Amino acid sequence: MKGSRPVFPDYRGRPRLPALRRAQSVMIQLFHVYKTFEGAGTALHDVTLKVAKGEFVFITGPSGAGKSTLLNIMFGSEAPTGGQLIIDGRNYIKIPRSDVPYLRRRIGFVFQDFKLLHDKTVFDNVALALRVMGVETGELKKRVARALSYVRLQHRANFKVETLSGGEQQRVAIARAVVKEPAIILADEPTGNLDPHLSLETIELFKEVNNKGTTVVVATHDQGLIDRFAKRAIVLEQGRVVSG
Amino acid sequence: MSKGSNIVHLLGSATGSVRDNLATTVVTALTVGFSLAILAQFLFVFINLDAAVSTWGDRTHIVVYIKDTAMRGPGSIERIKGASLAVPGIKSVAYISKDDAYAELKAGMKGHEAVLAGVDAGALPASIELRLDPEYMEGAKAAGVVERFKKMDWAEEVQYSQEWVEKFAAFLRFFEVAAFGAGIFLVGVTVFIVSNTVRLTVYARQDEIEIMSLVGATDNYIKLPFFVEGVLQGLIGGLLAVFIIYAGRWALLSRMPVYLRFVVDVPVSWTMAVAAVFAFGIVLGAAGSLLSTSRFLKSC
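Protein sequences, first through last, are from chains A and B.
Using the working numbering, read the first sequence as starting at 1 and increasing by one per residue.
Using the working numbering, read the second sequence as starting at 245 and increasing by one per residue.
If you're looking for bench data, these hints aren't it; they were derived computationally from the structure.
It is possible that part of the hints are untrue.
What the hints assert, rightly or not - Rough simulated footprint, nothing fancy, chain B against chain A, three-plus residues with beta-carbon under 8 Å:
hint: 1; region: 91 to 102
hint: 2; region: 115 to 123
hint: 3; region: 206 to 215
Just so you know, these numbers come straight off a predicted model, no measurement behind them.
No residue lacks a Cβ here, since even glycine has one placed at the ideal position from N, Cα and C.
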C-alpha cells in the first residue's frame, strides 16, 4: 500500500499511533489527577504532568501542598480519586491489586522515615528488596555488595541498622531502592532529617543514579537544594501545579 | 532463586522469626496448648459420659412376670417372646426361667443362703426382660408400652421404674443439649483466643509486613513465613496440650474415686488422640496466621 507504514496492534488490537511511540519516552504521566481524603479535603486538584525517561525532577512546595500524596499515587500506595496515571507505559488505574507488587519492583521508593527493619543488618535490609523478587542467592550477594559500595556502606554490611547514624540509615534506604535497578526512583523528603552536608551528599547519590539512566523524582521543600542542582522543579501549592 | 533455596530461606526466615519473637511465640504456643488441652479433655469427658449414659439406658428395662398357666404347652415361651417383640418400641426380649430366677436370687443372697432354706426353685415366677428403643424411654411412650403388656393374657405383673426412666430421659436430653452448647462455646472460645493471640503477633510485626509490601513482595510471599510460623506454634502448642492432658490425668487419677475414673479416660487410642490434638493445633496455628495476615494485608 502506497505510503503505508507497518503498524503493530496494541493489546486491544488497535494500531499503535506515532504519538504513542513519542509517549514511550515519557516515564510518568498524570492526566487531571484528583485526590480527596474523607474529612480532610482535597489533597490534589487537577494535576497534569509528565516526567521523561531518565529525567531528574524535584517536586516542591510548602508543607501540605500534596507532595507526598503525589509520590504515593505514583508508587501505587494511594489510589487517585479521579484522573489517569501512566507509569512506564502502564495505566495504573486499571491494574489489579495482585499486579501492584510487580510494578513496585520497577520503582525504588526512599521514604523520609527510611522504613528500615531496625533489628536486622544493613545487608538483610538491602537484600530484602531482591529476596521478594526471587533473586538467586549468589546474584543477590553480588548486587547487595555493589549497592552498599555505591552508597559507601560496604564496611557496615553486618551492622544492625539501629546502630547506624541518621545519614547512614538514609544511605541504607537508598541502597535498598537502587539494588533492584529500578526504572524510577521516588524519594519523599529524603533530606528532611539530615544536616546540610549530608543532604548534599544524598542528592549527589541520586544524581549518580540518574546519570545511569534511572528516572528520579525527589520531593523536597528545600529551595537551596533545588537552586544548587538546577534541575526541573514542579511546584505544588494547595494540591495544584503552579509551575514546572 | 531456585525452589530449593527459596524453601531453605523461607524455613530459615520462619525459624529465625520464631527465635526473634520468642516471647510472642511462647505466649501463642501456651495459648494453643492450654486451649487444646481443655477442649480435648472436655471432648474426652463428653464421649465417656455419653457412652456411660447409653450403657445406663441399656440397663433400663421392663420386667413382665408370666402366669404359670401360660407356660403350659409346647412353644409357649417362643409365642410370648414373639408377641413381645411385635410390640412397637421393644428393642430386645430376654427370657428368665424359674430356675434362672432362683439362681440369680441365690447369687444375690451369697453368704445368707440360710434365708432361702425351704424355698423351692419353682416358687419364683418366670419372666421376660424387655429393653426399650431409646425413643420410647420418654414417659408417655414408655407408659403406653407398659399398658399393652398389662393387657396380655399371659402377664401376671408388670414392673417398670417409670419415674427413673422419665428422669433418665430428661437428663439425657439436658445432657445432650448442654454438652453440645458447651462444646460449641468451647470451640468458639478456643478459636477466638488463638486467633487473637496470633493477630497480636502479626500486629507486633506490622512494620516488617508493610516494608515487605513496599519493596514489592506479593501477598503470598508475605504470608508464607507467618504460615510456617503458625504451623510451628501449633505443633509446639499440640505438644504442650498432650503433656498437660497426660500430666492432668496423672495428677487427677490418684485423687479420684475408682468408679469415677472412667470419666477422664482417653476414649480412643493414645496415638489417635495425640494425632488429633497435633492436627487441630496445626490447623489452629496456620488458620490463625493466614486469617490475621490476610486481614492486615487488606488494610495495607
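Here is how each hint holds up against the structure:
no.	hint	verdict
1	91 to 102	holds (count 3)
2	115 to 123	holds (count 4)
3	206 to 215	violated (count 0)
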